[in-house]
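Chemist: Given the sequences, and given the hints that come with them, work out the whole structure.
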Amino acid sequence: MAEPDDLKAGAAALQRFGLGPKPGQGEAMRRQARDRLLAEIDFGIVAQPQGVPFSGAAEIGKALYAFEDDEKREREAKRASAQQPAQGMQVANAAQPADAQPAAPQNQMTPPRKAANEPALPYRTYREEVKARVDLALAAETGFAERLVMFWSNHFCVGATKSNMSRIMAGTYEREAIRPHVFGRFEEMLVAAESHPAMLDFLDNRQSIGPNSPAGRRRGRGLNENLAREIMELHTLGVSGGYSQADVTNLARIITGWTVVGREGVLGFPGSFAFNAGLHEPGATPLLGRSYDQPGRAQGVAALTDLARHPATSRFIATKLARHFVADDPPTELVELLARTFRESGGDLPAVYRALIGSDAAWTAPASKIRTPQEFLLASYRALGRQPDFGQIAGPLATMGQPFWQPSGPNGYADSNAAWASAEGIKTRIDVAAGWGRQAANAVPDPRGLSEDVLGPLLSSETRQAVARAESRSQALALLLMSPEFQRR
Amino acid sequence: MEHHDDDDDCERMTPSRRAVLGAAGALFGWSFVPKFAHAAAGSRDPRFLLVVLRGALDGLSAVPPIGDPDYAGLREGIALAKDGPEAALPLDGFFYLHPAMPNLARLYREGRAAIVHATATGYRERSHFDGQDVLESGQSGPGSTEDGWLNRLIASLPAGEGISRKGVLGVGVVPPLVVRGRAPVLGWAPPRMARAGIDLTTRLADLYGQRDPGLAMALQQAIETEGLARRSGMAEPRGGGGPDTADGMRRIAEGVAGLVGADDGPRIAALAFEGWDTHANEGGAKGRLANLLGGLDGAFAALEQGLAPVWKDTVVMVATEFGRTAAVNGTVGTDHGTGTVAFLVGGAVKGGRMITDWPGLKPGQLYQSRDLAPTTDIRTVAKGVVADLFGLSGPVLAEKVFPGTGELRPMQGLVV
Numbered sequence: 001m002a003e004p005d006d007l008k009a010g011a012a013a014l015q016r017f018g019l020g021p022k023p024g025q026g027e028a029m030r031r032q033a034r035d036r037l038l039a040e041i042d043f044g045i046v047a048q049p050q051g052v053p054f055s056g057a058a059e060i061g062k063a064l065y066a067f068e069d070d071e072k073r074e075r076e077a078k079r080a081s082a083q084q085p086a087q088g089m090q091v092a093n094a095a096q097p098a099d100a101q102p103a104a105p106q107n108q109m110t111p112p113r114k115a116a117n118e119p120a121l122p123y124r125t126y127r128e129e130v131k132a133r134v135d136l137a138l139a140a141e142t143g144f145a146e147r148l149v150m151f152w153s154n155h156f157c158v159g160a161t162k163s164n165m166s167r168i169m170a171g172t173y174e175r176e177a178i179r180p181h182v183f184g185r186f187e188e189m190l191v192a193a194e195s196h197p198a199m200l201d202f203l204d205n206r207q208s209i210g211p212n213s214p215a216g217r218r219r220g221r222g223l224n225e226n227l228a229r230e231i232m233e234l235h236t237l238g239v240s241g242g243y244s245q246a247d248v249t250n251l252a253r254i255i256t257g258w259t260v261v262g263r264e265g266v267l268g269f270p271g272s273f274a275f276n277a278g279l280h281e282p283g284a285t286p287l288l289g290r291s292y293d294q295p296g297r298a299q300g301v302a303a304l305t306d307l308a309r310h311p312a313t314s315r316f317i318a319t320k321l322a323r324h325f326v327a328d329d330p331p332t333e334l335v336e337l338l339a340r341t342f343r344e345s346g347g348d349l350p351a352v353y354r355a356l357i358g359s360d361a362a363w364t365a366p367a368s369k370i371r372t373p374q375e376f377l378l379a380s381y382r383a384l385g386r387q388p389d390f391g392q393i394a395g396p397l398a399t400m401g402q403p404f405w406q407p408s409g410p411n412g413y414a415d416s417n418a419a420w421a422s423a424e425g426i427k428t429r430i431d432v433a434a435g436w437g438r439q440a441a442n443a444v445p446d447p448r449g450l451s452e453d454v455l456g457p458l459l460s461s462e463t464r465q466a467v468a469r470a471e472s473r474s475q476a477l478a479l480l481l482m483s484p485e486f487q488r489r
Numbered sequence: 490m491e492h493h494d495d496d497d498d499c500e501r502m503t504p505s506r507r508a509v510l511g512a513a514g515a516l517f518g519w520s521f522v523p524k525f526a527h528a529a530a531g532s533r534d535p536r537f538l539l540v541v542l543r544g545a546l547d548g549l550s551a552v553p554p555i556g557d558p559d560y561a562g563l564r565e566g567i568a569l570a571k572d573g574p575e576a577a578l579p580l581d582g583f584f585y586l587h588p589a590m591p592n593l594a595r596l597y598r599e600g601r602a603a604i605v606h607a608t609a610t611g612y613r614e615r616s617h618f619d620g621q622d623v624l625e626s627g628q629s630g631p632g633s634t635e636d637g638w639l640n641r642l643i644a645s646l647p648a649g650e651g652i653s654r655k656g657v658l659g660v661g662v663v664p665p666l667v668v669r670g671r672a673p674v675l676g677w678a679p680p681r682m683a684r685a686g687i688d689l690t691t692r693l694a695d696l697y698g699q700r701d702p703g704l705a706m707a708l709q710q711a712i713e714t715e716g717l718a719r720r721s722g723m724a725e726p727r728g729g730g731g732p733d734t735a736d737g738m739r740r741i742a743e744g745v746a747g748l749v750g751a752d753d754g755p756r757i758a759a760l761a762f763e764g765w766d767t768h769a770n771e772g773g774a775k776g777r778l779a780n781l782l783g784g785l786d787g788a789f790a791a792l793e794q795g796l797a798p799v800w801k802d803t804v805v806m807v808a809t810e811f812g813r814t815a816a817v818n819g820t821v822g823t824d825h826g827t828g829t830v831a832f833l834v835g836g837a838v839k840g841g842r843m844i845t846d847w848p849g850l851k852p853g854q855l856y857q858s859r860d861l862a863p864t865t866d867i868r869t870v871a872k873g874v875v876a877d878l879f880g881l882s883g884p885v886l887a888e889k890v891f892p893g894t895g896e897l898r899p900m901q902g903l904v905v
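Quick mapping for you: the protein sequence lines, in order, are chains P and X. My numbering puts the first sequence at residues 1 to 489. My numbering puts the second sequence at residues 490 to 905.
Among the hints, a few may not be true.
Said to hold, decoys possible - The list that follows gives simulated cross-link-like pairs (lysine-lysine, DSS-like), each with its CA atoms no further than 30 angstroms apart:
hint: 1; chain 1: X; residue 1: Lys775; chain 2: X; residue 2: Lys571
hint: 2; chain 1: X; residue 1: Lys801; chain 2: X; residue 2: Lys839
hint: 3; chain 1: P; residue 1: Lys62; chain 2: P; residue 2: Lys78
hint: 4; chain 1: P; residue 1: Lys62; chain 2: P; residue 2: Lys72
hint: 5; chain 1: P; residue 1: Lys72; chain 2: X; residue 2: Lys775
hint: 6; chain 1: X; residue 1: Lys571; chain 2: P; residue 2: Lys78
Since the hints were made in silico from the structure, they are not lab data.
Modeler: Spelled out as structure tokens, the structure:
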């Protein structure tokens, strides 16, 4: 028999670690919360979204290059007919250099205009990837594994608005680089993320050239240290992790040649990852006091592996995990526990999650964190039992400031109340919740019953009363979704 | 609460709801008190706007030192020229302005814009996020993100004075760090969808008042700003680009001007434009950076127009976390650097001049042989502006607003 306290702790844990209950999951789930969470870790596999247009980066690459070739032909045809209407002569191609990227506005996603009201391929693909990953999160039992996917996807974030390639590949990136490694070892996810075409495009490494490589000597082009810096600052050691500008430049040298196969497919399938020796800076390169003299791609893998095992990385990851799941200022003992587990297990992520779920701190800390907009959206649609279309996902998330895979920088979306529980942020949420209440009003006959169902022992008498006294069903639902118990986890 | 419902409790207004409304009413009430001259700053009713450019603006492209013999060689294909079809705009014969910024060039000619070059905060690493935290927290190093210097500035003004009571405006769904802290923060973002009705908002204010002080505070501030926006007659266009597009920058600037220009509006505001991290294909007279600079230039025009009645008392300061490498990198862009530019624009600016101790661009003159060396600490500029605008003393600036900066004297004579 579960005591009332256990039920309440279970309810709190499902909100803290999961995506919130669906109607009818109720007491059984709350009673078994800890076991269910641990069972997801033991299962060790994250589901993959279904019904996506392309299975992987290689398939996407082929389609993307074909799409870009079509666009280019169209542009040239237009230019030709505009410039020389009377003659059939070909107009000399004054196109940009092959690697020039279209200037895409970041941080927003206006579908490129297309003749027949049909958005262009990259945006269409993004749309379907978002829909598929949201469907998965709405179907999940507790949502714990999906929360871990969201955490790691944000840790190793890419931005879908940088280029056609990053837009069309953002969903694939999460499927290929993040999901398979959420219950694996950190260093595997690290290598998968840094070598994925979406990341190499997002942080410019596909264009970085070793100055002494064959291509560097021939073309006089050189390094781009963007990815190297963010690997150390944001993905592994953390900004105070003890590296220098020289280390940044050296890591950039080490990972020269990590690039994306071009449309000719010389080094593999167009659009997939390739190590291009012709771009790689030759020779041994020092990093953080060690020398790396491995040949080719192995040099970068060795450097990343050592970064993954660096003590600063264990502290950085432990702090971020504890901050995400427990509190903006997480208990020091919890951070130390997670960091120690990370180190001693060699970055075995399931071991770290078990330490988190097993810790008292994670169960007794008050529900202080406000749900991020994405968590709020998923928890709301789960509670309301709705299957949103793409517009019902993308619109509210853009309004609340957290569309999928579009952070304003490589540090990802913020993870603090200061960011999300702002005056404007709360006001915007109310607007969104009012809209959801209106949409769901007919489908939810009894908002009071739904409140009892999804909040259970967390439901306060004040919220119960506010829902009961609402002027309409839609307002009652909005009050439920905006109640402190629903907003905080 | 004109609704009817079969729940007989629904018409009753609980004490806590009254309390919340009462507090909001009091905040509005202050705004209707007629304004009197501020003792500290003469008869001026000043406005100060801080624009943070996130991503690290390339100062050598925005304000190219074309007169420096080493400039063109470092910048190769993206170097700007002083003549030709896409010529940079002349400033003082040595420095030029990017051709995407004709408004700023005009403001400079009219004496309403000054440009600080080779400037930086005290931060000397190259992390965007730490760099922005230092710029916005006003602390000497990263790691302190509890509050920002504009919030502490407001808190340092005499209690009961109009400026401090009106709070500081932070633009964006996520407010910038520079405005966060204990003093009242108002939030606003360009609206993107229909707003919820007042009744729902009031009920939530009531519920939060009983259950959740943090959410109650946030909502109360939002209610206040919304009322202000409505009273100042601001239109609510929806949709449009984000803060890294010319369209988004203009809409944000228009909104801020509407709020800050209102009689009872905040006097101090911070906003952020994004997208300045030009590692690859930065472009020269045209291209990615040019589009962004054009957006910033359009925002200047929108602010000048929207704030016209108070423009003579306005200073807009534009700053970024650090600059970019002096030389172009391997991908026709620039990597993270150090020294860069800052802009001061507005009717209260003593402008028409470059403010710089130019370090030169020869290898030995660059910071760590790679970046424009910073010779002016941006904090001396910020201190100089707010000292003159708000009558803050040196010690307050050195201890409260920018702690531990006693050795950095406020720059004199920036404000007319």
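Chemist: Against each hint, give a clear statement of whether it holds in the structure.
Modeler: To see whether the hints hold, each was checked on the structure:
1. X:Lys775 x X:Lys571: The hint holds at about 15 angstroms.
2. X:Lys801 x X:Lys839: holds (11 angstroms)
3. P:Lys62 x P:Lys78: holds (25 angstroms)
4. P:Lys62 x P:Lys72: holds (15 angstroms)
5. P:Lys72 x X:Lys775: holds (20 angstroms)
6. X:Lys571 x P:Lys78: The hint is violated at about 34 angstroms.
Going through the hint list in order, the structure does not satisfy hint 6, though it satisfies all others.
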